[in-house]
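Chain by chain, the residues run as shown.
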Amino acid sequence: MFYKNCFYDYLLNYALTLVKIIFVESCNKLDLPISINISILLVDAIDKKRVEFALKMFNKHRGVDWVLSSTKEADVIIVSIDDPDSDNQLEGLSDKTTITYGKPQVNYPWHVSPEGGALEIMSVFSDIYTFLKNKRSSLPKKTANSFDELLSFFGRIRLHNRVLVKFSEDIVFIANNMDYTVEFLKPKNLSINEYISILKSVDFEASTYSLNDIPDDCVSTKFDAFIFYWHLAHEIEIDDAGEKENQRVYKLKTWPALTLVNHQEHDLKISALMSKGIFDIYTISGKARCQIEDVYKYILSCISVDFVDATGNSISHRKRSLNGNNKRSSLLTQVLQKLNFLKQE
Amino acid sequence: MKFVFTGCVGSGKTEAIKTVSDIPVISTEAIPTDYLSKKTTTVALDYGELHLSKNNKLELYGTPGQRRFSYMWEILSKGASGFIILVNHQRENPLDDLDMYLENFSKYINNNLVVGITHTEDVIRITKELTMYSEHLKKYNFSAAVLPVDARRACNVITLLQALTLSIEEKL
Numbered sequence: 001m002f003y004k005n006c007f008y009d010y011l012l013n014y015a016l017t018l019v020k021i022i023f024v025e026s027c028n029k030l031d032l033p034i035s036i037n038i039s040i041l042l043v044d045a046i047d048k049k050r051v052e053f054a055l056k057m058f059n060k061h062r063g064v065d066w067v068l069s070s071t072k073e074a075d076v077i078i079v080s081i082d083d084p085d086s087d088n089q090l091e092g093l094s095d096k097t098t099i100t101y102g103k104p105q106v107n108y109p110w111h112v113s114p115e116g117g118a119l120e121i122m123s124v125f126s127d128i129y130t131f132l133k134n135k136r137s138s139l140p141k142k143t144a145n146s147f148d149e150l151l152s153f154f155g156r157i158r159l160h161n162r163v164l165v166k167f168s169e170d171i172v173f174i175a176n177n178m179d180y181t182v183e184f185l186k187p188k189n190l191s192i193n194e195y196i197s198i199l200k201s202v203d204f205e206a207s208t209y210s211l212n213d214i215p216d217d218c219v220s221t222k223f224d225a226f227i228f229y230w231h232l233a234h235e236i237e238i239d240d241a242g243e244k245e246n247q248r249v250y251k252l253k254t255w256p257a258l259t260l261v262n263h264q265e266h267d268l269k270i271s272a273l274m275s276k277g278i279f280d281i282y283t284i285s286g287k288a289r290c291q292i293e294d295v296y297k298y299i300l301s302c303i304s305v306d307f308v309d310a311t312g313n314s315i316s317h318r319k320r321s322l323n324g325n326n327k328r329s330s331l332l333t334q335v336l337q338k339l340n341f342l343k344q345e
Numbered sequence: 346m347k348f349v350f351t352g353c354v355g356s357g358k359t360e361a362i363k364t365v366s367d368i369p370v371i372s373t374e375a376i377p378t379d380y381l382s383k384k385t386t387t388v389a390l391d392y393g394e395l396h397l398s399k400n401n402k403l404e405l406y407g408t409p410g411q412r413r414f415s416y417m418w419e420i421l422s423k424g425a426s427g428f429i430i431l432v433n434h435q436r437e438n439p440l441d442d443l444d445m446y447l448e449n450f451s452k453y454i455n456n457n458l459v460v461g462i463t464h465t466e467d468v469i470r471i472t473k474e475l476t477m478y479s480e481h482l483k484k485y486n487f488s489a490a491v492l493p494v495d496a497r498r499a500c501n502v503i504t505l506l507q508a509l510t511l512s513i514e515e516k517l
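Chains A and B are the protein sequences, given in the same order.
Positions 1 to 345 (the numbering used here) are the ones given, in order, by the first sequence.
Positions 346 to 517 (the numbering used here) are the ones given, in order, by the second sequence.
Derived from the structure by calculation, the hints contain no laboratory data.
Errors might be hidden in some of the hints.
In the DSSO-like style, the derived pairs of lysine-lysine whose C-alpha atoms are separated by at most 27 Å in a straight line are [claimed, not checked]:
1. B:K363 <-> B:K399
2. A:K343 <-> B:K402
3. A:K343 <-> A:K276
4. B:K347 <-> A:K276
5. A:K343 <-> B:K399
6. B:K484 <-> A:K251
7. A:K48 <-> A:K96
8. B:K347 <-> A:K343
9. A:K253 <-> B:K483
10. B:K399 <-> B:K423
11. B:K399 <-> B:K347
12. B:K363 <-> A:K343
13. A:K251 <-> B:K473
14. B:K402 <-> A:K253
15. A:K276 <-> B:K363
16. A:K72 <-> A:K48
17. B:K384 <-> A:K222
18. A:K276 <-> B:K423
19. B:K483 <-> A:K251
20. B:K484 <-> A:K276
21. B:K484 <-> A:K253
22. A:K166 <-> B:K473
23. B:K473 <-> B:K484
24. A:K253 <-> B:K473
25. B:K347 <-> B:K363
26. B:K483 <-> A:K276
27. A:K276 <-> B:K452
28. B:K483 <-> B:K347
Excised from the complex, chain B in its bound form:
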């Protein structure tokens, strides 16, 4: 079983996978050539695992954020059971970011989606902000969970994964 984390550069995809993975995360980090506030960025994929039983595991894939690596998006999306889009709330147009990933991943998502809003630490009125994202998802006919997430906190990432798993289960 496979879940895919996607979202813009610096939204916390690599960190989220690292936070919960049972194995050391396999990363393809490189020094960015474009102007970014971070030292390294994912260029191919991140890979982590949650061990479920002797024969079963949950595979966690992280995509590169930049559009120029979008060839990897398609490769990683094949066979995925669920998608987690992380949105950096501090970016100038976070809804535009969300649009880009919804449009590019919509043919794979099949409504098996949760949206994590990161970098919300200083936002007091988070409820209003979440409503904005939820309303936006409805334009794409998605009824996904939108949860504020600190990718460094395991309990936050786990809650996000639980929400996704329960949403998939509810459809069975």
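Bound conformation, chain A alone:
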């Protein structure tokens, strides 16, 4: 124990000195701090402490975050190459940046050895930091997949009787709010699922155009608007809403035609709940016992066909809804259980 403590003290002083000399200057060259999740899979407690200590030093002097996280969430993992289980530990983690700790390995670009000490560890961290920062800045940014923006997009479509919508250059459709249809113009002979997968791949960056832009000689395919928007909303990954949207309350005007689409029990619960009152997203999620994202998807697909109205924030509605009666009749519960059972059969 005594030797261990001595080792830590020695390591602390050694590292502090090095950090002061080397990193204060060099790290100033790096800009825009980012957060990097890291998981340390080292069995040896002292090795693990050394790495954690080096991370803390790096964070302190760089003002950035190397955050200890689970292996699943990690951007970077550190494994001991001397550990016989290291190969198993790396299974299914090929997308992560791996630092090997131990003997130098050809297959792994990032490596630290126990002999190298804190200087080497932090030097590797610095290189990885720069590498990941550059990699992230080159990734395309999602532009319109937040709930606020999608809601605004679907709301804009609803405002016009006929509106031409373009997704990239290939996907063009006319949203017709007079007869609740979506009519696609080119490309030819694609199914609804193929359309949707293309829409998904272009990250839902849509623009609306005037109807004068309709291409000549187009081939069109017509879908019921609700069916199309339901599928579309369920295909898109929706980020969280802003605070403003979370405070908004929603009113159901017409039940969505759930018998026509694949649906979960919570879609029916949300519909039943909303047919009895006006609620915000969080209240719907809580009362219908479902995920916020499920509520987002439901609201988006309904709002696009005017089945749901987004109204202004109403604190009184929220208070009333939160004080709702949560009694459940045991007989009704039995009926629901039986119906769910039959549906799954």
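Keeping the supplied structure of chain A fixed, place chain B upon it in accordance with the hints.
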């Protein structure tokens, strides 16, 4: 607990009950004397059951469609927890049909209602048609689910029953 299916002749009431019932449906079918496109019609009632537990069951009653058998409507409606009105979308005036059943059953419904729109297979723009029915219900101050239903498909009928059950539960 008791749910009642009602609606015009040929809207699919008997078929819907048959589709989901745990027991062979007890039917009172007879050859129609009036001109109908179907071979038999319900003259008194249809009866099916969903077994919930040892002591509990959900009773599914189907009413006759014709107005001349309306004495059965009152008898079957007593003690019902929920109502399912089926509307044949292919009929000449489906909204008039809906009116007739809403008016006759309104004193029993107590807003425990769902409306199933049947025979919609060939309708592309079903969303618009559903809006029409929903708007119509609002004239009677009903905020009921309106769902397109194929009475031959169990998942459709079950969804309709789930919607009704959840609507009743939400009011508790």
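Q) Hints broken by the structure, by number, lowest first? A) The structure breaks hints 14, 15, 17; every other hint is satisfied.
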